[in-house]
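J.: For this one, chain A is given, so just place chain B on it according to the hints.
These are the residues of each chain, in order.
Number of protein chains: 2
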Amino acid sequence: MMFNEKMYEYGAKGSAIREINSIGSKLAEEFGKENVYNYSIGNPSLPPPQSVYDAILSILKEPDQVAVHGYSSNWGMKDVRAHLAEGINSKFGQTLTYENIFLTCGSCAALSVLFKGLAVQGDEFIVIAPFFPEYTVFIEGAGAKQVIAMAHEGDFMIDIDNLRNAITEKTKAVIIDSPNNPTGAVYTEENIKALCSLLREKEAELGHPIYLISDEPYRAVVYDDIEVPYPMSYYDDSIICYSFSKSLSLAGERLGYIAFSNKMENWLDIAKAVYGAARINGHAGTPTLFQKVLLTCADDLTDISVYKTNRDILVENLSELGYSFVYPDGAFYLMVKSPIADATEVAYDAANNYHLLLVPTDDFGYPGYVRLSYCVSTDMIKRSLPAFRKLAEAYGIC
Amino acid sequence: MMFNEKMYEYGAKGSAIREINSIGSKLAEEFGKENVYNYSIGNPSLPPPQSVYDAILSILKEPDQVAVHGYSSNWGMKDVRAHLAEGINSKFGQTLTYENIFLTCGSCAALSVLFKGLAVQGDEFIVIAPFFPEYTVFIEGAGAKQVIAMAHEGDFMIDIDNLRNAITEKTKAVIIDSPNNPTGAVYTEENIKALCSLLREKEAELGHPIYLISDEPYRAVVYDDIEVPYPMSYYDDSIICYSFSKSLSLAGERLGYIAFSNKMENWLDIAKAVYGAARINGHAGTPTLFQKVLLTCADDLTDISVYKTNRDILVENLSELGYSFVYPDGAFYLMVKSPIADATEVAYDAANNYHLLLVPTDDFGYPGYVRLSYCVSTDMIKRSLPAFRKLAEAYGIC
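Residue numbers (this note's numbering), protein chains in the order written: chain A, 1054 to 1451; chain B, 1054 to 1451.
With the rest of the complex left out, here is chain A (with noise of 0.2 Å):
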């Protein structure tokens, strides 16, 4: 063979959102573009906050400026790691230090890498539907297999008893993601102990350890003071992947990082295997300038009334519209009940009849739903709400 197939079948193979986006396109040079409503795409609407120019700038004019380009450690540099520590014990409670941060370039490098330093032949990693397709591909690449672990139906929390019963002798983890992507249900502090309480049993009752891996990209996104539990505060065994993308808005500069629990057996072990599959990965550490940049905006977040301002309005309206759904409180995701059972034929109707890009989510383990992305621009989402009146209209939900 000239190449890997199976690498090719990950980077050639379509998706739905690309799909749609491709009628999304073509819609747009025949209409205009503001004839489209684009609801397709997770990517933050949102400038970074003034603090990051702040920092940028400041860090320009720093006296070593081969220290802010030069390579750091490929852990991170030891004071940036530091600072994010010191932050995670003040906001949660915990007793991390540097050692026990690895920074990476965003939260999907994070899954990657952690799922590869996690994962023997035969290892088992739980999702919970419905769920960022790419973590697929990252339980894949690692070599173990994906197990489902439906939702809740009617609040998309973690259902316990599904849970439970996807859990077997080779559960190496659970994934969660909470602020969720698609959903953007925010699993409740009842819901994560309940969840952390089955994990213990599960633990005694096996004789190994289950990973808790909270994937935690959207965990500034909320709404309303709803308050998002820290997984470490209730299991040891827990790991987070975290990223800067959305809170400070820079989602293309690559910036993340996994925090190993320190109450975890042999924690600093698995740090080293996390860094082992880094180093197979390419990974040279993480864009400097950036870095730097987190010592002062680490905890800052962009102005995110407008996505709030954003929600409202959509669940309002479609409500009112007859619309299902479960209220979103964070993340910047809307899951709709799709009025057919075929979701697939919604979205393509919803595209090329009404001008709507939304996404079933077949592709995130959970079909008979699509799912808005509302980090667009208010003017939007007011121009796009009698297309979604046509729609609900079409289908007779209103």
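Don't take each hint at face value.
As the list claims (entries may be wrong) - Lysine-lysine pairs mimicking BS3-like chemistry, simulated, CA-CA at most 25 Å apart:
#	chain 1	residue 1	chain 2	residue 2
1	A	Lys1066	B	Lys1131
2	B	Lys1059	A	Lys1198
3	A	Lys1059	B	Lys1059
4	A	Lys1114	B	Lys1114
5	A	Lys1059	B	Lys1198
6	B	Lys1066	A	Lys1059
7	A	Lys1079	B	Lys1316
8	A	Lys1131	B	Lys1066
9	B	Lys1059	A	Lys1223
10	B	Lys1059	A	Lys1316
11	B	Lys1316	A	Lys1059
These are computed hints drawn from the structure, not numbers from a lab.
Computed from a predicted structure; not experimentally measured.
T.: Showing chain B alone in chain A's frame:
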């Protein structure tokens, strides 16, 4: 198992560079940093050129800051890819388009995904020793086998006979690195022509492609009007891995690309396989601010006259002191013959007793030498000369 032991080995095993630096840190505490002469690290010692700063400040004022810092295509921004293709076309007479360019977080990430995209079970990748030690990690990580062909002693050119003997029916690719780390050798046009002639002969004989992978982080770092032949101009099945780490002194910002020759059969499918491997690695694009910097700075070069000054001082003085080495035409490395067979013993002796931090070349697959990185201050080089004299005297070479 709690984690993957093979990954742990990659993450936990020490290296000669790390051990030598650990000695250096202790010496610096005891004797002062200015009295330790660190020749062990290949981190650019120059700041980026002014044009990079001008570009950053201009980009930070662009009206669409969401686009500046948001997700780019995972392949890289189309205009940046097109610009890089045009640069290659104008400099090296190629006919590439944006589709031939895949942006990566540096050359290491490029090599990792390239090897994974190409390799199938049983494949062999040939490296020319001495070679960058991470090649081994990337090749093994891709599930392939590393095969070593020793360079020609005396000038460190590719030894065509050694390479011929290394090629088998399982050979998938040959990896070259010129200007070379650790030798500083630049393969001559004659040497590259002989290499390509051999590869064509073997392709015909074996009936399958043998890819020529050219790792080029040091392409721009050459002295005295030395020309570095562009492999794509001599061989159709060429793939280039480039990095801006050294040319723009942006090693920490993680910026590089893969260029696929469009004369290669199925080149777009190969690129897609590489993209699939990148997905598995959690690659979600290359830092966007610095991608945009490339639109104006891709062909700029930091002022490398300091490296040339450093080389000239070292070459002249070490020669006078009786040291034996091959004159380096590029990169910022000098590989000096160890006065005794065991270069590791010399390196420890040099560190402990003369405060000279040198790297034995055993890890580069070519024992019997020490590598000096001269990306350091000229002042440090001058101050270190008495130490080199004492070392030469201790081993009776002067």
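J.: Each hint needs a verdict: does it hold in this structure or not?
T.: Checked hints:
Note on Lys1066(A) and Lys1131(B): the hinted pairing holds, with a Cα-Cα distance of about 20 Å set against a maximum of 25 Å. With a C-alpha separation of about 19 Å, the suggested pair Lys1059(B) and Lys1198(A) falls inside the 25 Å cut-off, and the hint holds. Taking the CA atoms of Lys1059(A) and Lys1059(B), the gap is near 22 Å; set against the 25 Å cutoff, the hint holds. Simply put, Lys1114(A) and Lys1114(B) have alpha-carbon atoms about 17 Å apart, close enough for the 25 Å limit, and the pair holds.
With a CA separation close to 19 Å, the supplied pair Lys1059(A) and Lys1198(B) stays within the 25 Å bound. Between the alpha carbons of Lys1066(B) and Lys1059(A) the distance comes to roughly 31 Å, so the proposed pair goes past 25 Å and is violated. For the given pair, Lys1079(A) sits about 32 Å from Lys1316(B) by alpha-carbon distance, which is inconsistent with the 25 Å threshold. A threshold of 25 Å between alpha carbons decides the hint, and for Lys1131(A) with Lys1066(B) the separation of about 20 Å falls inside it, so the pair holds.
For a cut-off of 25 Å, the pair hint linking Lys1059(B) to Lys1223(A) stands: about 19 Å separates their Cα positions. For the hint pairing Lys1059(B) with Lys1316(A), the CA-to-CA distance comes to about 24 Å; that is within 25 Å, so the pair holds. Simply put, Lys1316(B) and Lys1059(A) have alpha-carbon atoms about 24 Å apart, close enough for the 25 Å limit, and the pair holds.
Against the hints set out earlier in the document, violations occur for numbers 6 and 7.
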